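Letter by letter, the chains look like this.
Protein chains: 2
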Amino acid sequence: MEVLMKNEIAIYGKGGIGKSTLSANISAALADSGKRVLQIGCDPKHDSTRLLLNGRKITTILDYIKTTGALDYKKEDILFEGYGSVGCVEAGGPEPGVGCAGRGIITSFELLEQFRVKEEYEITLYDVLGDVVCGGFAVPIRREYADTIFLVTSGEYMAMYAANNILRGIKNYENGKYRVAGLLYNSRNIEDEDRKVYAFAAAVGLPVCAKIPRSNVFAQAERKNITVVELISRKMKLNKGADIQDEEQKIYDIFKSLSRNIIDGVPMYEANPLSDDELEAVIYQTVKADYKKPFSKCDSETKE
Amino acid sequence: MEVLMKNEIAIYGKGGIGKSTLSANISAALADSGKRVLQIGCDPKHDSTRLLLNGRKITTILDYIKTTGALDYKKEDILFEGYGSVGCVEAGGPEPGVGCAGRGIITSFELLEQFRVKEEYEITLYDVLGDVVCGGFAVPIRREYADTIFLVTSGEYMAMYAANNILRGIKNYENGKYRVAGLLYNSRNIEDEDRKVYAFAAAVGLPVCAKIPRSNVFAQAERKNITVVELISRKMKLNKGADIQDEEQKIYDIFKSLSRNIIDGVPMYEANPLSDDELEAVIYQTVKADYKKPFSKCDSETKE
Ligand SMILES: Nc1ncnc2c1ncn2[C@@H]1O[C@H](COP(=O)(O)OP(=O)(O)O)[C@@H](O)[C@H]1O
Ligand SMILES: Nc1ncnc2c1ncn2[C@@H]1O[C@H](COP(=O)(O)OP(=O)(O)O)[C@@H](O)[C@H]1O
Ligand code: SF4
Ligand code: SF4
Ligand SMILES: [Mg+2]
Ligand SMILES: [Mg+2]
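Chains as they are written, first to last, in numbering that gives the first Met the number 0: chain A, 0 to 303; chain B, 0 to 303.
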């Protein structure tokens, strides 16, 4: 375990699990704390930054370089400013069936380096699809880009299957430097969900760094094309927060506390993926897992 | 629209949607009708054929070629016989973060061709992950392998997002030859699910070739490591089916009828993917979709 000042965060998880929603809320909370944040969407779905940009769709890097000559590249064509001055970039995806999505991420990173975009920001957050952890999607973990990795999961088998697979990918690039901060448990309200997620967390030796409830508050904010963090900030400004509901406050506090932990620096853990059989055994409770783990700033949620 | 005798079927869909469960049941039903069937799992999860093999785990092609010299390759090391003499093969996946899953599928197909495996079977069924439709996973659609494509979807946004993405991939390789048979609607019992799936089907101009209810019957069969089709066949043999429950019978009949349609030949449709905005509009009902479509053998389910 090492504690380091972090500045390149990767949020990995399976498609639809809530990566972009959580990423945008974390970016917004970090920005509220005065940090200059860059969020890079690395999912062909290219909607990572929508809640920071009030729903505005921006040109993806892959679309841009397809239609623009290299001499005409301009940073402002692919870098947009969102809530709290968060820098917003979407890598985009290749033509389905033809290109390689992973290759697209590599190309995007090269262009961002050419523009020296990251130098303008204190914290970079990568929002990365983790269904297929081929070489391509592993780019933010390879090449030492990300130094702090969060895995988003619910209690669904496929979500933990994907998270476990990402741990395998991370392990392949670890070289003795631990980079996993822990799990972000995004509830789906399925049966026995707490047990499953905490059993998985214990089995892979990772803290649950935040437990986010399944809540309509996200849909309400999404309909306004904003993050929950922005929603609450607005309500604070408008009438001193008199109309903030308990559930909204609770969710806001989760992101605030997580972002504070990120700024302070969270402990890093080794990637210890399970075998497929172990994973099934843990989730379907055919083996007993030990829920107790050493305390760390990041796993307070496991103690409820 | 063209009607053709089909012999290479690809079942595409997002991870966890039910591809392998449906594939194994379809293979079993085809085998019960006397067809020689080969099922090829093209998902790094490599559990496509588990229900045909009573849970037995077989060596994946990618693992095999990693550990075996080319001169020692033997067909029987990677081809196994399951229920109803269905030939079972798992392509497997690369080391996470390093290799390319798509490349693995290509390698697997080359080995199968070398052994002339497909020639021993009348129908080949590919069970393919469709979360990332990069060049690799599109292999069964490219190179003219599959001539009949089914897309598995539920009413969940991500499931239809993936199905629509697969249609984009198919469109890129269509060359005037239509190859999409339609949707296999695997229910998740989510809100407003029928409306969402049939609206999507209408919008992309595809029939719903089968609607499979969400049912415990699948879990019951899975616990025995068999397909529902095998479960019913066993009950028929044991005591003339006296203990077959209504729901089991219903599910069995769905697979029988689908397999009969496949044997008779189903109509093929053009791939007409939606744009991302159209997809959202259709699913979230911001536009009206027309539910009525011309009758075809395959879309009887849309008429309930
Ligand atoms: N905790 C939650 N409660 C309710 N809805 C959620 C929650 N997390 C995510 N969602 C919703 O799930 C959908 C998918 O989330 P998204 O962040 O786009 O996933 P991903 O980026 O992983 O594909 C969005 O509509 C989002 O509002
Ligand atoms: N219609 C259904 N009703 C209930 N459970 C289902 C149904 N279809 C699939 N399942 C279950 O969902 C899980 C995932 O299915 P699987 O076929 O492995 O998905 P995929 O191959 O698409 O990843 C399995 O446990 C399976 O039994
Ligand atoms: S590296 Fe990943 S994105 Fe690229 S082709 Fe391979 S599987 Fe697809
Ligand atoms: S499996 Fe990965 S590396 Fe291979 S073609 Fe697909 S996205 Fe690219
Ligand atoms: Mg996303
Ligand atoms: Mg499968």
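One or more of the hints may lead you astray.
A pair counts as met if it fits within one copy or between any two copies, since identical chains are not told apart.
[As the list claims (entries may be wrong)] Calculated lysine to aspartate or glutamate pairs in the DMTMM-like style (CA-CA distance at most 20 Å, straight line):
| id | residue 1 | residue 2 |
| --- | --- | --- |
| 1 | 234 | 247 |
| 2 | 56 | 155 |
| 3 | 223 | 76 |
| 4 | 56 | 192 |
| 5 | 176 | 155 |
| 6 | 44 | 277 |
| 7 | 56 | 277 |
| 8 | 176 | 80 |
| 9 | 34 | 71 |
| 10 | 56 | 279 |
| 11 | 236 | 94 |
| 12 | 170 | 80 |
| 13 | 56 | 275 |
| 14 | 74 | 242 |
| 15 | 34 | 7 |
| 16 | 65 | 190 |
| 17 | 44 | 276 |
| 18 | 223 | 242 |
| 19 | 223 | 276 |
| 20 | 210 | 71 |
| 21 | 73 | 143 |
Keep in mind the hints are simulated off the structure, nothing from the lab. Every value quoted in this text rests on a predicted model; they were computed, and no experiment measured them.
Which numbered conditions among the earlier hints are violated in the structure presented, ordered from lowest to highest? Failing hints, ascending: 2, 3, 4, 5, 8, 9, 11, 12, 14, 16, 20, 21.
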